[in-house]
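Keeping their order, the protein sequence lines are chains E and L. Add 2 to a position in the first sequence, counting from 1, and you land on the number used in my numbering. Add 282 to a position in the second sequence, counting from 1, and you land on the number used in my numbering.
These are computed hints drawn from the structure, not numbers from a lab. Each residue gets a CB set at the ideal place from its N, CA and C atoms; glycine is no exception. Possibly wrong hints are sitting among the right ones.
[Said to hold, decoys possible] What the simulated footprint calls covered on chain L by chain E, stretch by stretch (three residues with Cβ under 8 Å from a Cβ of chain E suffice, anywhere in the stretch; the number is not a length):
| no. | stretch |
| --- | --- |
| 1 | 475-484 |
| 2 | 509-516 |
| 3 | 524-538 |
[To be verified] Chain E is faced by these chain L residues, among others (derived, beta-carbon under 8 Å):
| no. | residue |
| --- | --- |
| 4 | H466 |
| 5 | H470 |
| 6 | R488 |
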Amino acid sequence: MSEVSETPLRILVVEDEVLIALELECLLEDLGHVSVGVAGNAADAVSLGRSTAPDLALVDIHLVDGPTGVEVARQLSADPRITVVFMTANAKRIPPDFAGALGVIAKPYSERVVASALDYVARLRAGRAPSSDALDGFHLAPAAGGGAWAGDGI
Amino acid sequence: MPLFVRRVCAGVMMTGFPNGATLPSGMTVDVFAAAFEASPTPMVVTDPRRDDNPVVWVNGAFLALTGYVREEIYGRNCRMLQGPRTDPTVSRAMREALAAERPFEGEVFNYRKDGTPFWNGMTITPVRDQTGAVLFFFSAQADMTDKHRLEVAMRDANDALERLVGERTADLRSALEEKTALLHEVDHRVKNNLQVISSLMLLKARRTPVGEARDALQGMADRIGALSTAHRMLYSEGDVSRFDFREFTADLIADLAAGLDGDRTRIETEVEALALSAAMAAPLALLIHELATNALRHAFPEERHGRVAIEAHRCEDGMRLVIEDDGVGVEAATPNPSGFGRTLVEMVVRQLRGRLEWSDAGPGTRIAITIPLAEAAL
């Protein structure tokens, strides 16, 4: 797999499919990071975000209570300690401002893309400007230098 | 006609018609008067030299049209035919034309004696003497009510048609929007389900002891990953029926290369830009994944170094896909006990109606596949 980051990220998984969430947690641990929990709906996501203050929240758009992931991203990214990355098969629903998120990993994702996205986030948070050439399937929000977002997929 | 009329109505003796026209022999003013009286065209003559330009002559057709008798009309202004629904802008235009001694042509909404309205289409011509002074106005008229009714009916029919077309267009637009929304929804579900299936496989693989079963589960998860790449590519661009084969292959190979020790083995691709039919995405994903994985797994045993090259080009028969390695070759490679990979490749090539050739590349193995493409892809 990809290089293990020197500083493990504390990650909140916002995902309503328990199988995906469970496997994603395993993958995150394989990659040397730590899961702080899984939330399947908007309220849980926001309250878990407040109580755990993760480094990174991986947010699906469609949750148990509907397409509430966008609002979850908006609220979590309002906390400057939390980096938000969408992880969704529904990228068309992402608003042009990305609701404060850094970027999006398209589902179905490959381990490679998840690894490179986490690596990018870890470097960014460590203050080392990551090269956007090394994004490898991880699509950045326009505000993060990812270019215009047509909202029509990636 | 107005020329004759001028003479008759003016009642002025003239030495001849302009332009050299002459009355035919035997034709007298009385004969003209009789002819006008008998004409089915309603006609009226007014005298502007008298106060309020009164009617001084009408023919029988005019009486029939309006329902009046002569005594009720003579001496009165023609506006007696107007009523509440007469368009004031039209009567003003008529008044201005007469005041300026210009001819007038138009349709006026008039009323008969019994109150029934009709559209009165008319021409009004000033009748002048030799000095050019206006003696009379002559007007020929026609009941245009039927024409108006037809026009209104036509307009209504047109409006109704336009409304209908508008409604149909709106229906079609909303049907298209619904279809697009449905496509997105299905696309979303397919992608999500692939993610669930992949997660399921990987979870089971993680809980399975290292060995054949675990490898099989991991292998299946990788194949689902390849199918996932196909679906990620589809519908992401404007054209839902095609996908970019070069980008697709690059993504597919990047997933395979991520697991490689780059110093020992590497994958090289040389793929022509081809817009292929969406239906080919899944079989091609499986095919390329299988062949590349197979080469990486079996061509380089015991830390052997090497490379796998993937090339795709347009050819006369469609597309030629070549996967070549410089490894130990088919004969030397450890045979896969189940041969599932090879069977899968043969099935997929058959599904794509392609041709498969395995050959010794000396060193290594060369697999060439020719796949027919629909005309639109070329």
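Cross-check of the supplied hints:
Counting residues of the stretch 475-484 of chain L whose CB lies closer than 8 Å to any CB of chain E gives 7, so the stated coverage by that chain holds, three being the minimum. Residue count for the stretch 509-516 of chain L with a Cβ under 8 Å from a Cβ of chain E: 4. That meets the three needed, and the coverage hint holds. A count of 3 residues in the stretch 524-538 of chain L with a Cβ less than 8 Å from any Cβ of chain E is obtained; the coverage claim is therefore met, three being the minimum. With a least beta-carbon distance of about 6 Å to chain E, the hint placing L/H466 at the interface is held under the 8 Å criterion.
Evaluation of the L/H470 hint against chain E yields a held restraint, the C-beta minimum of about 5 Å falling below 8 Å. Because the closest C-beta pair between L/R488 and chain E is about 6 Å apart, less than 8 Å, the hint holds.
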